[in-house]
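Participant: This is what each chain is made of:
Number of protein chains: 2
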Amino acid sequence: MAYMPALSYEAIADGLTVCTSSLHRFGTDAVLLTEFSGYRQKDRVCDFGTGCGIIPMLMQRQAPPQEIYGVDIQPEAIRQMCLGIAESTAVQSVLHPVCADLKNLWEDAPAGQLDLVTCNPPYKAYQAGIESQLTAQKIARHEILCNIYDICRSAKRLLKFGGRLCICNRPERLADCIDAMRQNGIEPKRLQFVAKAADAQPWLFLLEGRSGGKPFLNVLPLRIVGDGSGVTTRLEKTMPV
Amino acid sequence: MAYMPALSYEAIADGLTVCTSSLHRFGTDAVLLTEFSGYRQKDRVCDFGTGCGIIPMLMQRQAPPQEIYGVDIQPEAIRQMCLGIAESTAVQSVLHPVCADLKNLWEDAPAGQLDLVTCNPPYKAYQAGIESQLTAQKIARHEILCNIYDICRSAKRLLKFGGRLCICNRPERLADCIDAMRQNGIEPKRLQFVAKAADAQPWLFLLEGRSGGKPFLNVLPLRIVGDGSGVTTRLEKTMPV
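Residue numbers (our numbering), protein chains in the order written: chain C, 45 to 285; chain L, 45 to 285.
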């Protein structure tokens, strides 16, 4: 039987709670990606690999999009997302928790209809041979069940023409992410690096691509922010609402 | 008859002079690229689109590589490079000024033998229709006679396995440059953005690719440097020797 970790409930705003565990929790990267995505109220959105549902939930704090799909291949992640929603009174979007393999989309997936796909993906390239167990944590952090090319291909299928894919990743994966977007007709349009200090190597980048867009990448000024420790501190530092 | 601009001689160090004109001069970007390239004394090097030969000449200031080809399609650029060499007493590398179209390489080109190719290329994508005259300045600044894909293809042919291509460009071209390297078997390995201030948008990036390299991009801390005005100030600020 699969290991069932202890669950915690973390308030991220008045009336908004996420259910976290040691397997499906969240970090500063999710907060930064949510803000970077620049979602609008009229948007229909999908969050790939949603985990505990942190990105759909953060979007509830201010001017939420009309509809959000939260997709994860792991049933326990979707269960946590549902538990968080059940504890939250201030959800304004229509939320669809979906347990599915994003490589194949899912029945009734809104193909060609979405304005925005977000994805805080597994960061580490899959190294054949070093993974002996398919644990939940490895699935969430390594490209075992899907890689950045799968993510871009599925995003392309869901997005309307001109729709946007916003992802974050470690700087060493930038070439892979740009390549994966381009191979799937999503043009990289906006890039921001995140570092702990002005003279430090970046620890994260945020990248927006546009389905069917023309080449011209807008590289934003460096964003300086620590990678945080306590959740409350993290939220206050990175995205006060 | 072609317009012949006035020539100037600029000393870049004791015994090192470059011959500049309004058509073939140099900027901070060439100085930054030379430093970024990390050339070594045992290297055999080629500089694509060398113009007045500033990069081969800057490499003479400290621990020069053993041999440098300077290639430009414009005869007047190569003439200026030769005039600069003739005025310089402190050249230590074997220098080969070559007037050629780098798309086709040239007779006796050292295919598969070089350690390093540098290129400070035309920055602007060619927009069909807006160029009415093929002036020297347009050739140097727009992708009229060669584009970043041509540059990567020719660099690949010249480099030995593991050899490096170092280029600079405007941030909006980053996706094109990464794509062009990858399409030609040159893996982006090291990236640095250059901005005028810690909170400014970058105005340049420096990118190193390795022929046959494995994916893993090292993104360096932001380099803060103005884009300069006077030549002497530029050299002092960016690369004191």
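Watch out, some of these pointers could steer you wrong.
Identical copies look the same in the list; a pair holds intra-copy or inter-copy alike.
The list that follows gives simulated cross-link-like pairs (lysine-lysine, DSSO-like), each with its CA atoms no further than 30 Å apart [unchecked claim]:
#1 K258 x K168
#2 K86 x K182
#3 K240 x K147
#4 K258 x K233
#5 K86 x K240
#6 K147 x K233
#7 K204 x K240
#8 K258 x K204
#9 K86 x K168
#10 K182 x K258
#11 K147 x K258
#12 K168 x K233
Since the hints were derived computationally from the structure, they do not count as laboratory data.
Participant: Between the shortest in-copy and the shortest cross-copy C-alpha distance, which are at most 30 Å for K86 and K182: within, between, both, or neither?
Facilitator: neither (35 Å within a copy, 44 Å between copies)
Participant: Using 30 Å as the alpha carbon limit, work out where K86 and K168 are close: within a copy, between copies, both or neither.
Facilitator: neither (34 Å within a copy, 36 Å between copies)
Participant: For the identical chains here, do K147 and K258 meet the 30 Å Cα criterion within one copy, between copies, both, or neither?
Facilitator: For K147 and K258, the Cα distance is within 30 Å both inside one copy (26 Å) and across copies (25 Å).
Participant: Could you place K258 and K168 in one of the four classes (within, between, both, neither) given a Cα distance threshold of 30 Å?
Facilitator: both (29 Å within a copy, 14 Å between copies)
Participant: When no copy is named, should K258 and K204 be tagged within, between, both, or neither for a Cα gap of at most 30 Å?
Facilitator: The answer is within: 15 Å in one copy meets 30 Å, while 34 Å across copies does not.
Participant: At most 30 Å between CA atoms: does that hold for K240 and K147 within a copy, between copies, both, or neither?
Facilitator: neither (34 Å within a copy, 43 Å between copies)
Participant: With identical chains treated as interchangeable, where does the CA-CA distance between K182 and K258 reach 30 Å or less: within a copy, between copies, both, or neither?
Facilitator: The answer is between: 23 Å across copies meets 30 Å, while 36 Å in one copy does not.
Participant: Under a CA distance limit of 30 Å, which applies to K147 and K233: within one copy, between copies, both, or neither?
Facilitator: both (24 Å within a copy, 29 Å between copies)
Participant: Measure nothing new, just compare the shortest in-copy and cross-copy C-alpha distances for K258 and K233 to 30 Å and report within, between, both or neither.
Facilitator: This pair counts as both: shortest intra-copy Cα distance 8 Å, inter-copy 25 Å.
Participant: Indicate which option fits the pair K168, K233 if close means a Cα-Cα distance not exceeding 30 Å: within, between, both or neither.
Facilitator: Both ways: K168 and K233 sit 23 Å apart in one copy and 17 Å across, limit 30 Å.
Participant: Taking 30 Å as the upper bound on the Cα-Cα distance, should K86 and K240 be classified as within, between, both, or neither?
Facilitator: Answer is neither; intra-copy 34 Å and inter-copy 37 Å both fail.
Participant: Please sort K204 with K240 into within, between, both or neither, judging by C-alpha distance up to 30 Å.
Facilitator: Neither: 36 Å inside a chain and 38 Å across chains, both beyond 30 Å.
Of the hints listed earlier, those the structure fails to meet are numbers 2, 3, 5, 7 and 9, in rising order.
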